[in-house]
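Participant: Each chain, letter by letter, is given below.
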Amino acid sequence: MKRRIHFLAYGAAVLTALFSLVLPIKIMPLFLSLVGALDLKIAPWFSGGEEAFIIDRGSHQIKVYRPVYPALVGEGQKGFVQLVWQPRSVLPLKVQDSIDLNRDGTVDCEISFSNPTDENAVLLLTVIPKSPWVLPVQNSQTTSLSEVLIEKGRSDIFVRIPVKKIGSS
Amino acid sequence: MVETTVSTKNRVQPLPSLKKKWGPSLLWTIPMVIWALLIFSKGLFHGPLAERMAAITTTVFLAGVFLWMMKSGETYRPRRIFFVSLGFLFPVGFISELVAQRGTMSISLEQMILGNTPFCHLALPMMALPAILSKTIIFPGSILPKPENPHAFGAMLALWVGATLILGRGWCSWGCFFGGIEEGFASFRRKPVIQKVDRRWTLFPWAMLALVIVGTAISLSPFYCEWICPFKTVTEFPAVTSLRTALQFGIFAGLFAALVVILPFLTKKRTQCAFFCPLGPVQSLANKINIFELKTEPDRCVSCGLCEKACPVLAIDRGEVGLRQVNMYCSRCGACADICRKGAVRFRVKGTPFTVPGSAPRMLFLLATWIFATMFGGSILANSLGKILGYLI
Chain R
1 MKRRIHFLAY GAAVLTALFS LVLPIKIMPL FLSLVGALDL KIAPWFSGGE EAFIIDRGSH
61 QIKVYRPVYP ALVGEGQKGF VQLVWQPRSV LPLKVQDSID LNRDGTVDCE ISFSNPTDEN
121 AVLLLTVIPK SPWVLPVQNS QTTSLSEVLI EKGRSDIFVR IPVKKIGSS
Chain S
1001 MVETTVSTKN RVQPLPSLKK KWGPSLLWTI PMVIWALLIF SKGLFHGPLA ERMAAITTTV
1061 FLAGVFLWMM KSGETYRPRR IFFVSLGFLF PVGFISELVA QRGTMSISLE QMILGNTPFC
1121 HLALPMMALP AILSKTIIFP GSILPKPENP HAFGAMLALW VGATLILGRG WCSWGCFFGG
1181 IEEGFASFRR KPVIQKVDRR WTLFPWAMLA LVIVGTAISL SPFYCEWICP FKTVTEFPAV
1241 TSLRTALQFG IFAGLFAALV VILPFLTKKR TQCAFFCPLG PVQSLANKIN IFELKTEPDR
1301 CVSCGLCEKA CPVLAIDRGE VGLRQVNMYC SRCGACADIC RKGAVRFRVK GTPFTVPGSA
1361 PRMLFLLATW IFATMFGGSI LANSLGKILG YLI
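For the record, the sequence lines run as chains R and S. Sequential numbering from 1 applies to the first sequence in my numbering. Sequential numbering from 1001 applies to the second sequence in my numbering.
No wet-lab data here; the hints were simulated from the structure. Since we're looking at a predicted model, the values are computed, not measured. Every residue gets a Cβ at the ideal spot worked out from N, C-alpha and C, and that includes glycine.
Simulated restraints on C-beta separations:
1. R/L93 - S/V1060: 56 to 66 Å
2. R/K130 - S/A1246: 36 to 46 Å
3. R/N120 - S/A1246: 17 to 27 Å
4. R/L15 - S/A1246: 49 to 59 Å
5. R/I128 - S/G1254: 37 to 47 Å
Bound-form chain R, shown alone (with noise of 0.2 Å):
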């Protein structure tokens, strides 16, 4: 019995050292599809969330996404709309535009913000709310990833407006 399992645990160091000979080659292809396929994600909070629609200006386009509530688990009850102008280069010193955010036929707020050609310069940005969900913003730079940002993509322009819950304060 004891000869079986001193067998039985030399065969399991071999197996450790062949293991690692095949890693680079076999084992870590294998164990990112095994992750692909776990479907994770990056937290919404960081990535913008999902693409919810695409809004054409004709020289320029917005991508609007779905409204992020950051939390661990569930939704929190504040968050944000992430919107991304581009390309940049068509865009104004200034754009002004009016977004429905949810497709619901009516306007949500109405957004300005400066666009520089200078890189060093600040991007200032400025909600107001149309409705009562979208949280207001006056002139605005980036202060965190969570709440007010706009910043300069290579070619787009990021930004994201925060948002309320109906019915939180």
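With chain R held as given, fit chain S onto it using these hints.
Facilitator: The following block gives chain S in isolation, referenced to the frame of chain R:
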């Protein structure tokens, strides 16, 4: 246990039975050289001159270290040369890549939104709870590798699982480049200034683990990375644009100076790894399922205390020798086995008896470990050397 007056002079004297002649040593080294050449073949045959030179230098270096381990029977000192080189060269390659990509070490919110933050193995414990509860990874990176971010969550997870199965907590002494930086500073002095470190500090990483898991769940951001990772100082950190980000950077730099530089220098212990790192407890648990271990033999122990002094993570003391084992914090660096002149501490395959000379378990451990170390650490070394040579040539 036999009381004796064995000198406690801190000299490494591996058992003669672990030493090999030149012939067998070279014979064991040749497969490792072939493995290294396979791993570095891309840089060796298709890369520019700097990459080729780096691949050759790394192969020669790794072969030299492995040959040293085979010929001398020593584990700790050759490993330390490799590990400290890995620790000090990793930031060179990593920072070079960051600067080439974005012109700075700091990461902007834009890069975070685009999912371009490289994932780090130290962040893994914090990710488990949100991943289980909501299939969400609370990290501003990407799940699978992409050209802008090859160090994606999935890649690091795969690597870490593999490393943990092969090495257990040996990852902390053979793979984790951050530990190499610390070990470098711990190696400067011959004798520690602070002789006695309270062993209860080894419990602190469990508190850290709980703190980062809860902190991440509450703040919905990777708490360790955002607030208390000492190694942000030598990798990347949020761009300092506000009081908050200035405070974050201050904490990173302060913890790095204290835990990675000053305390290791004064104590000759790996203070960050042993008393702070939240991944440490997870790796310690992994020791339980790993097939290799360090085992002690009380009948051979003369209570000289050399193993206790040599252990950089406080994983062994005279009391534990009596229990026939080192504790779960052991990072398989080999310091205790090398320093024990009586052969009372040995590498062993679990489920097999304590044998002297015990060369077969050590060989199996070194083979498994070195194959991994060549692939992982060797690639980092070659990459960083390539960057340095690229600047010089």
